[in-house]
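Chains as they are written, first to last, in my numbering: chain A, 1 to 270; chain B, 1001 to 1528.
These aren't lab readings, by the way, just hints derived from the structure by calculation.
One thing to keep in mind: the hints can contain errors.
Far from chain B, by Cβ distances over 10 angstroms, these chain A residues were calculated [unchecked claim]:
no.	residue
1	L45
2	M215
3	R234
Here are the simulated DSS-like pairs of lysine-lysine, each with C-alpha atoms no more than 27 angstroms apart in a straight line [stated by the list, open to error]:
no.	chain 1	residue 1	chain 2	residue 2
4	B	K1116	B	K1150
5	A	K29	B	K1229
6	A	K224	B	K1484
7	A	K29	B	K1366
8	B	K1317	B	K1221
9	B	K1221	B	K1150
10	B	K1204	A	K29
11	B	K1221	B	K1116
12	B	K1448	A	K224
13	B	K1448	A	K228
14	B	K1116	B	K1317
15	A	K29	B	K1484
16	B	K1484	A	K228
17	B	K1204	B	K1283
18	B	K1337	B	K1204
Stretches of chain B that chain A covers, calculated by requiring three or more beta carbons in the stretch to come under 8 angstroms of a beta carbon on chain A [claimed, not checked]:
no.	segment
19	1019-1033
20	1426-1440
Glycine included, every Cβ here is placed at the ideal spot set by N, Cα and C.
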Amino acid sequence: MALLVVCCVAANAQEARKPTSNLDFSAIKEGASLFRGNCSPCHGLNARGGGRGPDLSSGRWTHGSTDEEILRTISQGVPGTEMPANALEDSEIRTIIAYLRSLAPPRNITVPGDPAKGKKIFFGDAGCSNCHMVRGVGGVLGPDLSRVGAARSATYLIDSIRDPDKELSSGMTDPNNHYGLPLVYDTVTVVTTSGEKITGVARNEDTYSIQMITMAQQLQLFRKRELKEVSHQRRSLMPPYSEDALDAAQVQDLISYLETLRGMDEKEVR
Amino acid sequence: MKNAFLLILVVAAAALQAQVTFERLLRAPDEPQNWLTYSGRYSGWRYSALHEITTTNASRLAMEWVFQVGDLGQFETTPLVVDGVIYGTGQNDRAFAIDARTGRAIWRYQRNLPDKLQPCCGMVNRGFAILGNRLFMATLDAHVIALDTKTGNVLWDVMAADHHQAYTFTVAPLAVKNEVIVGISGGEYGVRGFIDAYDAASGKRLWRFNTVPSPGEPGNKTWKGDSWKMGGVPAWITGTYDPELNLLYWPTGNPSPSNYGGERDGDNLYSNSMLALDPDNGKLKWYFQFTPHDLYDYDATQIPILLDAEWEGRTRKLLAQANRNGFFYVLDRTDGKFLFATAFGHVTWATGIDSDGKPIVNTSLKATPEGTRVCPGALGLTNWYAPSYSPETGLIYVATSSECDIFTSAPQPYRAGHDFLGSVYVPDPVERPTGALKAIDALTGAEKWSFPYFSSPNGGALSTAGGVVFAGDSDGNFIVLNAKTGHDLWHVQLGAAIYSTAITFEVDQKEYVVIPAGSALFAFALRE
């Protein structure tokens, strides 16, 4: 089954548009079915984003927001991303678009908060940049967030800050490893023959070896026969940020900063 | 003297280019230097009598050559080997002949495929059949073609079905007598499945067995209303053959829609079944249905293994199959009588198999809008990956997956040539799927050993008289195990997922083993 990854959600809430499709309820229903069959493995069953694909329910689109542009995105894919071309008929794609349009919020959503303050939080006391990189600055243990505003909804980002274990993606990312992609951000602990316990994230792993980045942000490469034990933990290494650590206003500022992050060539927040 | 020399040359040339007759196919086990059918022999064992590579020297395996297909996608071929030449197919209906000692191409072929083909699971092909000096290939646009072994030239080309209706071929044909036998793909699109036989000389279709009976035929009443018309039941894996009984054993796939049964009440014959067909006319001799009224895409398209063994005091002709639905079955292949079945992994869709061979179904596990967790998942406890049977150990080697899926209902109307699934499945996000190569006692179904894979597999197993099993995992490891114990003897990382199964052959008294991985064939032999 083809997997569909539509990279289209952007941080700027001003792009929400009235649906241009004029399709009836049955088309939306068919589109929902096609979406589940073709797109949900990456984008989630309800298009709210999955382990691999971004949230498609916000009505905001990175690669063009007209029906024709979205059709092109789905049929041709997005070069340089994991979004492949898809062999669906145009009529089928239009029902998927109708379904996605039906999920869009009724009016524009604005994201309150001060991006400049959020940036200070990110690179300052909250310590986000100790593990996350933005445009070449920051740590390497967690995902690079240079484009996170284009891929994730504000709700998802808030969940990730308050409860990082809520949306773990391992096992959902690449069923059967059909696409040969390495696992990422899979928390793992190994015990060496000398008894040293090392925790980090697995960048890749197979029957015989494991390649990981440790908590000290060092690459460590092991043959499994050189290890006493390899164990996987279904938890994120990111600490949860409670109200005590980041209050609601700080989180809002942080989200408003993250939503400005849409790639390497976007204007820098100052 | 000169004449004698010429005579020797002529004899040598003739030996090099000997035709592959039906008699040679029947006696394939007697020429282990070659690999003449998809499973290596008609009985489906994927076992070779070659024994140069053993449990004690497998660690000395080294690469001999690599052949690049020159295309992308899943490489699922089982190459054939005849007298020093390898014949294989590749992605997008490519094909090739290679010098087996050097890996150098002799010829290449690529079919000019139409746009907008819709194979469910990749632009794949699983290999050739050979008969005489012809190679037979079933193509993604639902044609059957014959190629010349020396040149790759097309000798005939016949259309079996309309690819616009999502009929496709991915199967490796089976040559029996003067026939080329193929089974169709397209179970995800509501095709009406069939198994065809074509005359090897002319390409004329000799018979067709429709795997979904029409009104008036036995079995049609197992379909509600007109649901039989888009009933699916493809037949996309190569069957096996018993020349004594003159019976062809061909397994079938899922009914359509694959994951929703509301519009097709009934057992939906002959879906997910083993068919015993008379190869002379395509008539059905018996059938056994493993998963009636399937809701989980449990195609029975696993290669049936034929073996004769003592059973309750007498020698009996048996058929064993580790089925995608999670149960290992043994039948009497003379009449299809059910002998026993036992689960070979974690199964929740059924609590067991009754004394008649019918599953005791857990009816609470239908797909819902919220999602229902079912084990095994839609890809099965095993799948099409080739099993292997070793007569020395009495074990059947089966690649297995631990994946359970969440089935979520997504009903859809039938439209010719379009997806027709009825629900969607995703792997259970809580448990990362892993895999294993399991050794199962052919006569009891008991697990003798299990070698763990980090990921769910897509490759099968080859066993040999050297006491070893060759296997490949989805993470690119080509692995050699001790056939008796499962002990890990050697492995090499090939850099891309393995979607097929190894074969072995001999040239110049040297045993080679060849495995497809990524988009290349890799050949190994013992280091001098």
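Hint compliance check: list the failing hint numbers for this structure, sorted ascending. 1, 3, 4, 8, 9, 10, 11, 14, 15, 18 and 19
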